[in-house]
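These protein sequence lines map, in sequence, to chains C and V. Read in order, the letters of the first sequence are residues 1 to 369 in our numbering. Read in order, the letters of the second sequence are residues 1 to 860 in our numbering.
One or more hints might be untrue.
Claimed, not checked - Keeping only pairs whose Cα atoms sit at most 25 Å apart, straight-line, the calculated DSS-like set for lysine-lysine is:
{"id": "1", "chain 1": "C", "residue 1": "K330", "chain 2": "V", "residue 2": "K110"}
{"id": "2", "chain 1": "V", "residue 1": "K761", "chain 2": "V", "residue 2": "K806"}
{"id": "3", "chain 1": "C", "residue 1": "K66", "chain 2": "C", "residue 2": "K280"}
{"id": "4", "chain 1": "V", "residue 1": "K761", "chain 2": "V", "residue 2": "K743"}
{"id": "5", "chain 1": "V", "residue 1": "K116", "chain 2": "C", "residue 2": "K330"}
{"id": "6", "chain 1": "V", "residue 1": "K203", "chain 2": "V", "residue 2": "K90"}
To be verified - Every beta carbon over 10 Å from chain V, so not counted as near; a handful from chain C, in silico:
{"id": "7", "residue": "S51"}
{"id": "8", "residue": "Y62"}
{"id": "9", "residue": "L77"}
{"id": "10", "residue": "Q85"}
{"id": "11", "residue": "G98"}
{"id": "12", "residue": "G100"}
{"id": "13", "residue": "R194"}
{"id": "14", "residue": "A202"}
{"id": "15", "residue": "D231"}
{"id": "16", "residue": "S239"}
{"id": "17", "residue": "D282"}
{"id": "18", "residue": "R349"}
To be clear, the hints were calculated from the coordinates, so they are not data collected in a lab. Heads up, the beta-carbon is just placed ideally off N, CA and C, and yes, glycines get one too.
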Amino acid sequence: MMKYLRAIPDWGRWLIAFLLFLLAIGIFGVFAFAPTQTPRTVKVGLVLPYSMDASEQCGVHYEGMKQACEDFDVELLVRESKNAQEYRQAAHDLAKEGVGLIFLCGNPRPSTVDDAISENPKVTFATMTSGINAANVTTCLVRMYQGRYLAGALAAMQTKTDVIGYVAAMQNPEVTREINAFALGARRLNPKVRVIVAWTNAWKNEEKETENVRRLVKEAGADIVTYHQDDQSVHRAASALGVDYIGYQVRQADMPEHSLGSVVCRWDIYYRAIIDHYLKGDLNKIKTRWIGIEDGAVWLSDVPDRIEYLTGYFVVRLRRELDHGRPIFKGPIRDTAGNLRIADGEVLRDTALTTRMDWFAEGVEFLGK
Amino acid sequence: MENETNHPYSSILKVAVEFLVLVVGLGVCAIFMQHKITHLLNMTMEQIVARQTEDMAHLAENQFRRELVVLHYAAEYMQANPDRSEDILKSINSPAAHSGSAGVLSVEGKYVLGAKLPVHVFPRLPSAIRGEDVVDFAYGQGLLIAVPILSGDNVRGILWRLYDDKLVQQHFGLSDYNSSFHFVLMAREGQAIVPYKKNPSEKDLVFSDPSVQRGFAEIRSRLDRALSTAIYTESAQGRFFLFGADLPESNCSLRGFVPWEAVAGDISRIYIWILRAGSFLLFLLAVISVHLFTVQLKAEESDALRREKEVSDRASQAKSAFLANMSHEIRTPINSILGMNEMILREVEKPSIREYAQSISRAGEALLSIINDILDFSKIESGKFEIVESEYQLSRLLKNVVAMIRPRAEEKGLDFTLHIDEDLPNVLMGDMMRIQQIVINILTNAVKYTPVGEINFFVFNERKEENRIYLAFVVNDTGIGIKEEDQKKLFQEFERLDQEKNRNIEGTGLGLAISHMLLNLMGGQISLKSVYGEGSTFTVMLPQTIVEDSPIGNLAERMNEAAVQTAQYVPSFTAPTADVLVVDDNEMNLLVVKGLLKETKLRIDTCLSGTECLERLKDKTYDLVLLDHMMPGMDGVETLHKAMTLPNAKGVPFVVLTANAIAGAKEAFLSQGFVAYLSKPINSRLLEETLMTYLPQDKLQPGPTAEEVARAHQGAPAPLEENAAGGAQAPDTGDLDIEQGMKYNGGMLDMYKTVLGMFVKLRPEKQSQMMAHLVAENWPDYATMLHALKSTAMVIGGQKLSDAAKELELAGKCCYAEDSSSEEKEEAAWFIRSQHGRTMTLYNKLANDAERWLNENHDT
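Take the sequences, apply the hints, and build the full model.
As structure tokens, this is what we get:
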């Protein structure tokens, strides 16, 4: 060994020493500058209640979530499902894949997702439905009723018959408060207006919806219809009957002849708000979060140019009121029976919107059997 | 030399520079490490402070909740007792409870009761009408908390309360968290933290520092992705951790700072420990460096020593080679001297001449023994010496010794007495020649250094085991003795003691050293007792294996009685029917051998080369062949190998003659197929013994008696003196030195003439052969021929030619020597080409001179 070292000329030894020095610096540098922790990529999961092919709504949610994730540069994992069993499994799978935030889309039953939530206490869950209670779950609700209020106002200005048809699936706080908000908005500008509700008892039933529209127009005399269903059968039915309609959750960007616009949610804004809170770390600090028109999330979209200027003016005025925090359920409000539900100078508090909305406001009527 | 003296200093300088570089490197590393550690520590501290900030935020929220609870009670009470609202407000505002303003607003945000409130500066206040609790901070106003006044699910109004900046800390008690943490509560999106003040506090100064402000801006951006955070900042006001946290249930945010020392003060001890550890490592490194440096120096020293040893070893080898060479050079003339002298002793009867011849013989033998000593020593030195054990008779050894020593002792008038143990076993196993050498050496010394008195020689067994005997040879003399301080040096080489006093005593001083070394090789030892001026006793102890335990008998007596006289040479045998072939390229040597064997009446044929030898062997069956080793063309070994294939030569013993007396030569020759080995100059007794051994026993006859020999010499050639006188009268003989030539030819004129005649006659042939070798660049044969010419010229008295031939011979050898460089060979060849002509001229001249002299002295 020494013999070989001796055989190396002097400059060679210096060179070797220098190279060793560089190597040492390099190794030192690698250790010194190597990131001690590799930054964890943030993953967000989305569980859809149907496949995107089967449900247009699921596609809309996916697009919104995708847009929000792109804005925050986080990874998105999506799981579609066909039934409760698959939905449950999807929630478990996402948690296993290291997803930090799981959004449970749709209206899952608490029993479907409770175990996934309790087994993953470090995962943040968000739902759009109330009733699931855990420390790591927050319900994020949209004040769609604000959009209904504006839609009601628009319809009240447009109607000639002062009768507006409302095809609705079934009675629950969400549907009820939106009907009430619609009615309140309508009667704000046209106290003569009657809102006729026709129940279908199903979230999707094209036949029934078409029948209801026909009856609302032919029997009740409605010249404008709107709906609270998962599909858009009402659009076709109304167009077929030559009456105007207001859409729900679906853009009418191509401005069909009979469309008066659509009450929509900007899901990207909705999801962006959720991810923002998640990233900050305080999403679950509050159990129920509302997002509404003041956040830009709710919108009466695609109102056609054919409406009168004054109509538009009034609707915009109302919208500005809402933007400034004017509550819709502000007294005096009476129910269909004439009882004073909210006295003058009073405002219904938010918690009542999701729990005790079991009455209908003055002006709401029901289509008989 | 200069380099070597500078060496240690330059090394030290080099090491110092390297060490300095190392220290600087370590220093840079240390600075970097400190930076890195500080950075890591601060990062860790930031996390800790951030967590503490989060705790503070929680604490603040809990405080808010407490206050909200109070307000809720008040709101409920108001709902239940609307008419007492004002009292309730007063109680809330009473200094005993809390200070600050409070009031009631309608759901439209209109004033209802209590203090006035600038509603628009509190953006979160509308949330209260949705039934939420509100905590809102407005810069310049303070902290607002508000709760809805409920009627069932409906909100009827808002009960609020406002705390100004001072009250916030006072009432929410957050300053208790840690006295080192300075902080303020602010709106999340708030920008400026501290307004201009006339007498800013220390805290205000910190908050208004630009780098702290930058830090808070960073905190603001970090809070987008965290509930709480902290960063380390260095500012003009000192080192701080800045922290911030958003309160999730309100728009409030905490901002503050804590001095670095308050969080990480103790951690600076880490540096002290790192410094200590680093210093310790540096110290270790220094120690190791010094150690390695020392080791390296030692290694270099031992390198230098090894190189020196290699040099001296090479020198020693060169010395050995030189000695071996010299021995050859010296032995050749001694060969002639002793050979011729032997002839004189045999043939001359005149006592005075015999005495001279005996003197020559003694001197020659002394010279030989010196050369042998030197050779032995060089052999032992070079490790080539081997002890060859064989069976021998102790009696014979002792006889030889005594035969050699007794005459010398008696010559000096010393009493030489033998004391030989009669029970000693006679046949032993060992290297007889070497033991003999040792004993003779000691005895010779005794004779040399004893001017008067006696020498006692004791031989006995000191100890005897089953088949092993420890022989003791004790030599006791009454000589000059050895000084005590010199006794230790005695066995060292080249030591001759008392130089002044012993100047007239000959010897190399190697004898005892050689004896000592030989004994070491044989497992024996030598010791000495001596009293200066009184005498010495040398004791040699030597283990020998017993072969035959027959006692030696009363040997001493027999030998003591035997009167040894310098008798006329008597051949030990005659063999008139035996044919012997002697082969040597040197005619002189042939003459010597023939002369030595004259009295044995052998039929001797001679020839001058291997080729000739083979021719002879084809024609005739010889009883023995004496073959010279170094001959031009075929050398002795080659000749032997070829001869062994001839039918006539089957079973014929070949004895090699050589002047090559270097170590191992004998064994080499015997292994080649020679039966015996005779070194030149040839010892006539050894020659006769060898012949007696190897000649067919039926052809041997007992030698003649002394009288017969004497009778046979009657009428021998004229004595030397007369001839020499005749030679002296001769006219100028040119290069030919008749006197020298006669000396080398044992003073025999007719022999000298024969030699000269042969020299003259052979010249043309030899010269043409030399020329042929020169042209063919056949350096080995050329050198051999010049070697022969050198010897021949010397023997006939042509010193000049001999010298010239010697130079050419050496150059010729150089031309084919393995260890010569190509340059040396070139030079040697050039030398030969330029000098060959001159030498040949000398050769011609000498031959002419010889021829002329021969013609002039033809009749004599």
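Here is what the structure says about each hint:
At most 25 Å may separate the alpha-carbon atoms for a hinted pair to count; K330 of chain C and K110 of chain V meet this at roughly 15 Å. Between K761 of chain V and K806 of chain V, the direct Cα distance comes to roughly 21 Å. Compliance with the 25 Å bound is thereby established for this hinted pair. Simply put, K66 of chain C and K280 of chain C have alpha-carbon atoms about 19 Å apart, close enough for the 25 Å limit, and the pair holds. Restraint check: the Cα-Cα separation between K761 of chain V and K743 of chain V comes to about 22 Å, which is no more than 25 Å; the hinted pair holds.
The hinted pair formed by K116 of chain V and K330 of chain C meets the criterion: a straight-line CA distance of about 24 Å does not exceed 25 Å. Distance check on the hinted pair: K203 of chain V and K90 of chain V sit about 35 Å apart at the alpha-carbon level, beyond 25 Å; violated. Non-interface status of S51 of chain C relative to chain V is upheld: no Cβ of that chain comes within 10 Å, the nearest being about 33 Å off. Interface exclusion of Y62 of chain C from chain V stands, the closest Cβ pair being 25 Å apart, more than 10 Å.
The non-interface label for L77 of chain C is consistent with chain V: the shortest C-beta to C-beta separation is roughly 20 Å, beyond 10 Å. Consistency note on Q85 of chain C: stated as away from chain V, and its beta-carbon is indeed over 10 Å from all of that chain's, at 35 Å minimum. Interface exclusion of G98 of chain C from chain V stands, the closest Cβ pair being 18 Å apart, more than 10 Å. Taking the minimum C-beta to C-beta distance to chain V, about 12 Å, the non-interface status of G100 of chain C holds against the 10 Å cut.
With 10 Å as the threshold on Cβ separation, the claim that R194 of chain C sits away from chain V holds: the shortest Cβ distance comes to roughly 25 Å. No beta-carbon of chain V comes within 10 Å of the beta-carbon of A202 of chain C; the shortest separation is about 30 Å. Once the 10 Å rule is applied to beta carbons, D231 of chain C is consistent with being away from chain V; the minimum gap is 32 Å. Every Cβ of chain V is farther than 10 Å from the Cβ of S239 of chain C; the closest lies at roughly 38 Å, confirming the non-interface assignment.
Listed as outside the interface, D282 of chain C is inconsistent with that label: its C-beta sits roughly 4 Å from the nearest C-beta of chain V, within the 10 Å cut-off. Residue placement check: R349 of chain C does not keep its beta carbon more than 10 Å from all beta carbons of chain V (closest about 3 Å).
The structure does not agree with the numbered hints 6, 17 and 18 stated previously, though it agrees with the rest.
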